[in-house]
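Enquirer: Below are the chains, spelled out letter by letter.
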Amino acid sequence: MQFKDNPVFAMLFLEAVAICLLISFRFINLESTVNLLWFNLLFVSMTFILKAPLNRKLGLLALGNVIGVFCNFYYRLFHSAGCLIFGDPFSLVYVILYPFFNFMWIVTFWSLSLAALSSQAKRRR
Amino acid sequence: MEVKIVISELDLNFLGAAFVLDPTSAVIVLFVVGPVLIFILFLPAIVELKKPRDRGPRLIMDKIPTPKLSFLYGIVPLDKVEFEWERDFDLSLIHSVAAIIEVLPKFEA
Amino acid sequence: MKKLIIQALKLMIGFYTVVIVGYLFRHYIFTFTALRKSDNSCSDDFEDHLYEPTVSIVIPARNEEKVIGQLLQRMTELTYPMEKLKEVIVINDASSDATGQIAEEYSKHYSFIRVIHRDKKTGGKGKPSAINSCLHLLTGVIVLFFDADYIPQIDIVEKLVRGFVNPNVGAIQGRPVVYNEPKNLVTKIIALERIGGYCIGQKARDDLGLTPQFGGTVGGFRRAFLEEIGSLDESMLTEDTDLTFLARLHGYKVRYIDDAECYEEAVDSWSAYWKQRHRWALGHMQVCFKHGWSVVKSRKLCLKEKIDGLLLLHLYFLPVATLFSWLAGIMLVLFEPSPAVYTMWYFTPMSLYILAANSAPFFEIGIGTYLDERTRIQWLIPLLLFSYLFNILICTKAFFDLLFSKVLRKQKNSWAKTNHNGGENRYFRIRS
Numbered sequence: 001m002q003f004k005d006n007p008v009f010a011m012l013f014l015e016a017v018a019i020c021l022l023i024s025f026r027f028i029n030l031e032s033t034v035n036l037l038w039f040n041l042l043f044v045s046m047t048f049i050l051k052a053p054l055n056r057k058l059g060l061l062a063l064g065n066v067i068g069v070f071c072n073f074y075y076r077l078f079h080s081a082g083c084l085i086f087g088d089p090f091s092l093v094y095v096i097l098y099p100f101f102n103f104m105w106i107v108t109f110w111s112l113s114l115a116a117l118s119s120q121a122k123r124r125r
Numbered sequence: 126m127e128v129k130i131v132i133s134e135l136d137l138n139f140l141g142a143a144f145v146l147d148p149t150s151a152v153i154v155l156f157v158v159g160p161v162l163i164f165i166l167f168l169p170a171i172v173e174l175k176k177p178r179d180r181g182p183r184l185i186m187d188k189i190p191t192p193k194l195s196f197l198y199g200i201v202p203l204d205k206v207e208f209e210w211e212r213d214f215d216l217s218l219i220h221s222v223a224a225i226i227e228v229l230p231k232f233e234a
Numbered sequence: 235m236k237k238l239i240i241q242a243l244k245l246m247i248g249f250y251t252v253v254i255v256g257y258l259f260r261h262y263i264f265t266f267t268a269l270r271k272s273d274n275s276c277s278d279d280f281e282d283h284l285y286e287p288t289v290s291i292v293i294p295a296r297n298e299e300k301v302i303g304q305l306l307q308r309m310t311e312l313t314y315p316m317e318k319l320k321e322v323i324v325i326n327d328a329s330s331d332a333t334g335q336i337a338e339e340y341s342k343h344y345s346f347i348r349v350i351h352r353d354k355k356t357g358g359k360g361k362p363s364a365i366n367s368c369l370h371l372l373t374g375v376i377v378l379f380f381d382a383d384y385i386p387q388i389d390i391v392e393k394l395v396r397g398f399v400n401p402n403v404g405a406i407q408g409r410p411v412v413y414n415e416p417k418n419l420v421t422k423i424i425a426l427e428r429i430g431g432y433c434i435g436q437k438a439r440d441d442l443g444l445t446p447q448f449g450g451t452v453g454g455f456r457r458a459f460l461e462e463i464g465s466l467d468e469s470m471l472t473e474d475t476d477l478t479f480l481a482r483l484h485g486y487k488v489r490y491i492d493d494a495e496c497y498e499e500a501v502d503s504w505s506a507y508w509k510q511r512h513r514w515a516l517g518h519m520q521v522c523f524k525h526g527w528s529v530v531k532s533r534k535l536c537l538k539e540k541i542d543g544l545l546l547l548h549l550y551f552l553p554v555a556t557l558f559s560w561l562a563g564i565m566l567v568l569f570e571p572s573p574a575v576y577t578m579w580y581f582t583p584m585s586l587y588i589l590a591a592n593s594a595p596f597f598e599i600g601i602g603t604y605l606d607e608r609t610r611i612q613w614l615i616p617l618l619l620f621s622y623l624f625n626i627l628i629c630t631k632a633f634f635d636l637l638f639s640k641v642l643r644k645q646k647n648s649w650a651k652t653n654h655n656g657g658e659n660r661y662f663r664i665r666s
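Protein chains in written order, with this note's numbering: chain A, 1 to 125; chain B, 126 to 234; chain C, 235 to 666.
Simulated from the structure, these hints should not be mistaken for lab results. Small disclaimer: the values here were computed from a predicted structure and weren't measured. One or more of the hints may lead you astray.
What the hints assert, rightly or not - In silico PhoX-like links for lysine-lysine, alpha-carbon gap of 25 Å or less:
(1) Lys-271(C) with Lys-51(A)
(2) Lys-509(C) with Lys-640(C)
(3) Lys-534(C) with Lys-524(C)
(4) Lys-122(A) with Lys-175(B)
(5) Lys-417(C) with Lys-175(B)
(6) Lys-359(C) with Lys-524(C)
(7) Lys-176(B) with Lys-122(A)
(8) Lys-487(C) with Lys-318(C)
(9) Lys-534(C) with Lys-487(C)
(10) Lys-271(C) with Lys-122(A)
(11) Lys-417(C) with Lys-176(B)
(12) Lys-631(C) with Lys-509(C)
(13) Lys-57(A) with Lys-271(C)
Claimed, not checked - Simulated restraints on C-beta separations:
(14) Leu-627(C) with Asn-6(A): 46 to 56 Å
(15) Lys-175(B) with Ala-18(A): 36 to 46 Å
(16) Val-161(B) with Gln-120(A): 25 to 35 Å
(17) Ala-458(C) with Arg-178(B): 47 to 57 Å
(18) Val-161(B) with Ile-19(A): 17 to 27 Å
(19) Lys-237(C) with Pro-148(B): 38 to 48 Å
(20) Ile-85(A) with Leu-568(C): 18 to 28 Å
(21) Ala-116(A) with Pro-416(C): 16 to 26 Å
(22) Pro-53(A) with Pro-315(C): 42 to 52 Å
(23) Val-161(B) with Leu-623(C): 19 to 29 Å
(24) Arg-178(B) with Pro-53(A): 15 to 25 Å
(25) Gln-120(A) with Tyr-285(C): 38 to 48 Å
(26) Ile-541(C) with Pro-53(A): 35 to 45 Å
For each residue, glycine too, the CB sits at the ideal point set by N, CA and C.
Assemble the whole structure, with the sequences as input and the hints as a guide.
Expert: Pasting the structure below:
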């Protein structure tokens, strides 16, 4: 079976998403898990109805979750580093900037995914 | 005092683990990795701006060929404008030729 | 006192969060609707109707010598039956360049093209004033409007007027396509805004039975409606929005026709962008004050139309509300941090991308580009963050300008002129 039809890949991608959610919850914080859930909701609702192989969409979803985990991990490090250098008040700067950072990676990744799916759809036509 | 307590709560994650960094790593994370990450997030946009590969706006113009007049921007009297087609182009000539061409397949048969 | 201020800030940010989530939901529905309907051909309900009423075309122009020629050339190439195209009226509104001469040259050779010249005393008072000067000359059943920098398809008249086959339809809007998109970042961002706004927003509003907005060009009205209102309100900076709501409040429907397309020249500098958007914001806010309560009270609008109409009217207030809410949110996070405040604060920056491009969310723009079969322009979507921050400044200034003008009762209307170059065109051939 080809990649696009293979249910094994679909399961792998879904497992990757689940693992990312667990990692974010266990090793980062609850907010990062909420962010990933929000990303998943947005991605599934806005991208899964487009015409493209399901495995490709699941692959992009899994990749997005991985990138999300890395980004949130970095933001957590950013917070710790900032508090170390600037002291405890840096936490407030972090709280204020955190939502902006999260939307940046969500929008960038979603836009690139859409471009990839558009190219694929155009090639099929 | 009240603010400090709240900040301390923020500093710990849900299960109590904390990220501990040495000062050098902290500086690298804050002043190197951060800007690089932001640059990476905007990199696709920068690439597309510098070397655009998008095909541009959709083509919406006519597929039907029409006589096109050459026109110079600015004040140019139409008498001096160059025409690709005769302005009094005689469509009846086209109909006559078409009628002749229409007959030809019958000879072939 | 401090508690009162904090409560007020919480109320403000809470209300703003509700509004933002409301807009997010609205645009989500629009995007979903447009995606769902994209499988069907557009304008199916217009397909079988051959409807050829008499048409008048109005072209208001002020200092448009670089572009008026190409539009008038297209007027001579229209495929609409000439006996039904009553007149093309060019309003040369106190131009100081060769706009009038170019129009007169065409008028000499084509009898259906007429030119009205307005001098510096009577003219130069804005587009609504210019249009009012020719209303008594219109004889067509349908009146279409084109701005001077637009280049329509040659069969655009047929495509637009078929929307009027339903006698309840009073206004029609077509789709502009930015032809100078590749020029620079400004034109690309505007192109993204247009794609999201028209391909998704306008289309979905039409599909859902709401009110698409007449954009001032590439569209038109029934002459009967224009006679009902008498004349355009010359105090309005955005007569298009004013006319949209007037049409609806008079019981006419507004339709959007996706395949009636027309090239337009977008502004190509940030200063020109500022001027244009400032006028749009100010004009839109004026219309909101003028028609807001009428929309609520109107018996001709159903509930969903009233809700959508109010959301549309308040669109340009949102960036202003965003700025104040961010300031309120930061103060709350600093002085009264709590889980509720953090939750509300989480939604506040969402406005960055929900209202990114002329109040279209990033996913609306992205799906619009997908439906437009574009494959790379999506890479530019993250840059809409910066245009939105710019729009926050523009709308805030417009808001304060409107407040001061109302307080001081000073308003002087004139053309808020966008300069057009007529260049950067490689999508159709006019030899130069």
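Enquirer: State for each hint whether it applies.
Expert: Hints, verified against the model:
no., hint, in the structure
1, Lys-271(C) with Lys-51(A), "holds, 14 Å"
2, Lys-509(C) with Lys-640(C), "holds, 20 Å"
3, Lys-534(C) with Lys-524(C), "holds, 17 Å"
4, Lys-122(A) with Lys-175(B), "holds, 24 Å"
5, Lys-417(C) with Lys-175(B), "holds, 12 Å"
6, Lys-359(C) with Lys-524(C), "holds, 20 Å"
7, Lys-176(B) with Lys-122(A), "holds, 21 Å"
8, Lys-487(C) with Lys-318(C), "holds, 24 Å"
9, Lys-534(C) with Lys-487(C), "holds, 10 Å"
10, Lys-271(C) with Lys-122(A), "holds, 19 Å"
11, Lys-417(C) with Lys-176(B), "holds, 13 Å"
12, Lys-631(C) with Lys-509(C), "holds, 11 Å"
13, Lys-57(A) with Lys-271(C), "holds, 21 Å"
14, Leu-627(C) with Asn-6(A): 46 to 56 Å, "holds, 51 Å"
15, Lys-175(B) with Ala-18(A): 36 to 46 Å, "holds, 38 Å"
16, Val-161(B) with Gln-120(A): 25 to 35 Å, "holds, 30 Å"
17, Ala-458(C) with Arg-178(B): 47 to 57 Å, "holds, 49 Å"
18, Val-161(B) with Ile-19(A): 17 to 27 Å, "holds, 26 Å"
19, Lys-237(C) with Pro-148(B): 38 to 48 Å, "holds, 41 Å"
20, Ile-85(A) with Leu-568(C): 18 to 28 Å, "holds, 20 Å"
21, Ala-116(A) with Pro-416(C): 16 to 26 Å, "holds, 22 Å"
22, Pro-53(A) with Pro-315(C): 42 to 52 Å, "holds, 49 Å"
23, Val-161(B) with Leu-623(C): 19 to 29 Å, "holds, 22 Å"
24, Arg-178(B) with Pro-53(A): 15 to 25 Å, "holds, 23 Å"
25, Gln-120(A) with Tyr-285(C): 38 to 48 Å, "holds, 40 Å"
26, Ile-541(C) with Pro-53(A): 35 to 45 Å, "holds, 38 Å"
Checked against the numbered hints given earlier, this structure breaks none of them.
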